[in-house]
Amino acid sequence: MDCQLGSGRAPARRADKQFDFSAFPAHALGYLARLLVVLSFCLLPRFSWADEQAIALINGRVVTMTDQGAIEPGTVLVVDGKIAAVGSEVAIPAGAKVIDCTGWTITPGLIDARSRLWLENASAGQSGGDAALDAYDGLDRFQDDWREVVRHGVTAVYVQPAGGDVCAGVGVVVAAAPGNNPAAWILRRDAGMQAALGVGADLSGRGRVRQFDRLKKLFSDAKKYQDDWAAYREYEKKKSESAPPAQTETPPDAGEGRRDEGPPPGGGRRSGRGGRGAISNEGGTEANNPPAQPPPQEPAESPAAEEAKPPTKPDHDPVKERFVRVLSGEVPVRIDVRHGDEARRLLLLAKEFPAVRWICEGLVGTGTAADDLRGARYPLVLGPWIGNDQAARDVVQLWRQSFREDTGRLVIASYTSSGRGSRWLRAHAACAVAAGCDPETALRAITVHAADVLGVADQVGSIAPGKRADLVVFAGDPLDISAPAQLTIVAGDIVYELPRRNAPIAVVVRKDQAADLPDEWPEQFVLSSSRVLLPSGQIAPRCLTIEKGRITRCDETLAEDNQWPVFDVGSHLVAPGLTMAHTTAGMVNADYGAVESDGRQLAALDGFNSTHRNVRRLRSGGVLLAVIAPDDRITLAGRMGTVRLAMEVSVVNSDVGDKVVLTSAARRSEQFPASLLGQIELTHAMFTGNTPASRMYLPEPVQAALMAVRQAETQNTLGQQRWVLFEVGTDAEMQVALDIIQQHQLRAAVMGCRNIEPFIDRLLATKTTLIARPSGETDFNWYFDDLAGAADAGVPILWSADSAQQLRWLLAEAIAAGVDVEKALAGATTAGAGWLGFDPHRVGLHPGAPADFVIWDGLPTDLRSRPIRVTVDGRAVETVED
Amino acid sequence: MRRKARWIVACMIVAGSIAVRMLATCAADEHVVAIEADVIYTMTGEPLTGGVVIIRDGRIEAVGEQLAIPLGSQRLRVATLMPGFIDASSAAGIAGGSAEQTSEVTPEMNILPTLDWLSRDFLTAVDEGTTTLHILPGTANVFAGGSCIVKSAGNPGERVLVDRAGSVVAVCSDPTAGNSSRSRPDSIYVRQPTNRMGVIWIIRARLREAQITSPSSQRTVRMESLQKLLSGDEPMFAVSRAGHDIQSVLTLRKEFGFQPIIVGGEEAYRVLEELAREEIPVIYQGMTSGAVRGPEGTSLFWNLPGQCEELGVVFCLAGGRLLDQARFAVRFGASERAALEAITITPAQLLNIDNRVGTIAAGKDADLVGLDGPPLEATTQIEWTMVNGRHVIINR
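In the order they appear, the protein sequences are chains F and E. With our numbering, the residue at position 143 of the first sequence is 143, and numbering never jumps. With our numbering, the residue at position 256 of the second sequence is 256, and numbering never jumps.
If you're looking for bench data, these hints aren't it; they were derived computationally from the structure. Since this is a predicted model, take the numbers as computed values, not measurements. Don't be surprised by glycine CBs; every beta carbon is placed ideally from N, CA and C. Please note: incorrect hints may appear among the correct ones.
Now the in silico label distances, taken between C-beta atoms and shown as ranges [said to hold, decoys possible]:
| id | chain 1 | residue 1 | chain 2 | residue 2 | range |
| --- | --- | --- | --- | --- | --- |
| 1 | E | Trp201 | F | Pro692 | 51 to 61 Å |
| 2 | E | Thr298 | F | Leu698 | 57 to 67 Å |
| 3 | F | Ala183 | E | Arg331 | 51 to 61 Å |
| 4 | F | Ser654 | E | Gly363 | 32 to 42 Å |
| 5 | F | Ala685 | E | Trp201 | 48 to 58 Å |
| 6 | E | Arg204 | F | Gln703 | 23 to 33 Å |
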């Protein structure tokens, strides 16, 4: 139809009120039909039956996370929002909604032990550092982020006031369920007290000492408060014993006398209502609480009253009362540790307050103190594992030993600062597996262990009768990101259902030991695998003969006349190296910000350092071809080049095309262009040969030479021998890029726009390639739906990210959203290489090509797998161990 | 009660439209629409009572009181029908900065390619009954570039009415913002103009330069666009709000002889007689600014439309919420007819697009607004907006 403004998209996206005109009532005859439609629409979107109707998930592989282990095939019966029965033989009541989960895996809803759901950044910001805040008060129940989160199987999230201060306040465990159902929404108040030993602006050693002192003071003040109340109560008790009938004060233990009740000695009160109660009763408390309580007007009969001055009644302090519950261990402290000093001070503090329960988070940069911390056997909330490469490397490096030894105390969290960030929880866990964590441990770390640490294990985290029905059905292994969640149930309600029924994605059995591979390949050898990735994206058994760094044969079975040693890697995947369609890795001191906005004379490869750590990381991560591009600081950013990441990185082509940046990154008010208007002007000028002369102070001949160089390749670009990359962000920039591509008939790629669906037709019409980038923390799921839509429509897609791991993550998310696996695999290896400027004959696993390949212990699109051997020119590449 | 009933009807219509939409693929070639209205403000003469408008393929085919409705046409009923409103000064959808402020003189640039067709601004415009928008670049530099005229809905390819409607010149203090002659030399803000005199000087210097540059020597796109301004081939939209700024426009006009259209015109009441004498039209935006200017009191300011009407100054109302503006204008002294013309036919004539839009007449684009009562009543609501006969937006 003609609705151009994209009606029918997700509601969070655009609130269109457009309807096609042809839909307008023609005559009165349609009223009955309309009534029917209205009725059906009233009934459809609410899952109201869930309250009464039982749900039975049958024939699935049920990962219970209890002693029962995995039941296959098993049935989970949900009645009244709770799990009624689990097992292989479960009687299904009549009228239950039966969902066939054959081939699928049913797990407890995943739990993110540190994220931001329902809590906007503005609400989570600064605090007074005095433990006064309660994350509950900042929750915004009208947020829609939970929809994004449940789509990835996450059903519960721990949120706390931001860690920007020494001690901000208490956190809460919330469910990813509609905010209009409070009963289902909050799992536990006061689930942790946020604290940190070194955050904020002052990160010097002295600053950390100050932080420590402040935190310690909070603890000691609370201790003193507790002692004062204990002394006072002791005194009151004695007094009441000595003078029973005439009472002015109610003894603290007497039933409803809550007003005067001090903090419980051992943390008897639950779930924090005491603190808030005290706030609301403040007036009354004060009335009962004169500043200096005179001793009761009674004849001092007992000798005890004479010898000690009676203690004054302490002031009620709700915050301190909250802290008293921390002292007793009722509310655990979520202590953020990011430095060796902090770890040691934490241990000191722990010695002084032995009853406090500590849960360690942050945990990057602790250095050798990591071992001390492990010795203390605190639960560890580890993350992030992906997204922030440096932090992820730190976590892996420091806590690798914990994967094996602290499995019972390991929790994996996303550490995101956006409510939507929790949807990556599975990716974090999968990366932990790639880093050496046992898959079972990783899954426990986001289900039952997370529930334990958050104090909600009695409600969620495992599949057992009586537990809350928070369940996820995955179309594959729960830790394989490319297998989407089919169904998510929170408190018995189906809150998400994948519209298509995904074919179950086979669980790849990962062998622990690879086939016996030599440290270095011989000069000539045969590599045999039952799974070789062919250029089409298909996987089939093949035997590759490799002689002197080249593939000479590629046979379905081992040639009979073979004379070379044969290495059989079994079912390990042998694949060509990944191709990164755009990267700035290895660009050193290549910030173009200062020069003019016309940088066409500059070639990215001239600023490329082939021995840079990031380049080596790319290679050992399995990326063997890359387009090196200039950064995005100026509009006509310069020339892109292609490289093969061999041991000695070899330049394939130092000039494959131009990069044009239309985003705001290339707009600066000091320099033309300061607006999109100017960027358009400049880009058009580039193709019409009318670019403004350089404003640099150059002698005239130099000036002329510079302009000639800038203009030199334009004809080749217009003749489509070179391609042009347009980096765009907003819809308007995307439109502009497509306009320019259309007008000058360019061979072009666009990169960076999140909103793809409205442009699919134009991308096809202009034969433009889409270079996909990973989604950001704040992006929505529809980004990947759009990618899948574009791929379906036939838009060529190439892939790019900042690291090999992120590239694979991007592929996995796209596959989960519906992009064809083979298409994605081909696109990320060989399919687009020719287009990008590589020689197609020298790319891929076929005779004549260089012996560049990667042996994976799973699919590259499964984040759990690792490249176990990267080979370039028939030689093994040393892996950079971070 | 009436409201509630209307709401229910709207619901039915929504549901019905969904239902029909599912079936509509079978009847996709159906493009004849007949709208029956109690009152039709054609804006070509007196309103018709009990008339019919026939629309075929996005254009108005016929308008009349006694018209046979073609068989099989889709039918709509509405209390009041008006031409879609025309906003003669808008910044809707501009993305990535509204002016290239690194240079004071960029008359050759065009705002059109930077429009974001998916922008919410256009949805708002449609909600307000506005179907045509004149979009001007910003005023951060003196010669900002070319404006464009677009429809508020439809396929991006079909939405452009005029890709360069005229050249925008900021005859006001806006381009001086932030500029200084005494800051760091590496900043673009070390540039002219630093004051209002500087603005006028830049206009004068550049126009003079264009005057003396012969067509044969050193012709640049920039020079050509300035010369088009001088020759009157391209209208000049002079953004001026204060009285003295409008005075400056008049002064420059005397020197160079161009024919300006004042955009903004908040204090035009101070120079109305000159404007009338020189026949300079005003695209009035004062209603939207909300500020009461000048020491003369509010009535002069609020009743600028009334005064314009009295003195014969051609004016239109612009800057969004056009129907509300028209109502306001009537309340403070303008006639009903002038107020309605100021959001329909007058802007169409000013922008030279009256062959396409601005009236309900045969051959015109089917840009229509359906209302549930007299347009200038405050309680009257817009029921739907139609752009090119296609997009009907139910406003509630």
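Range hint compliance [Cβ, E/Thr298 to F/Leu698, 57 to 67 Å]: holds (59 Å)
Assessment of proposed distance window 51 to 61 Å (beta carbons of F/Ala183, E/Arg331): Since F/Ala183 and E/Arg331 have Cβ atoms about 52 Å apart, the given range 51 to 61 Å holds.
CB-CB spacing for F/Gln703 and E/Arg204 relative to the 23 to 33 Å hint: holds (31 Å)
CB-CB spacing for E/Gly363 and F/Ser654 relative to the 32 to 42 Å hint: violated (59 Å)
CB-CB spacing for F/Pro692 and E/Trp201 relative to the 51 to 61 Å hint: violated (24 Å)
CB-CB spacing for E/Trp201 and F/Ala685 relative to the 48 to 58 Å hint: Given range 48 to 58 Å: violated, Cβ gap about 28 Å.
When the structure is compared with the earlier hints, violations turn up for hints 1, 4 and 5 and for no others.
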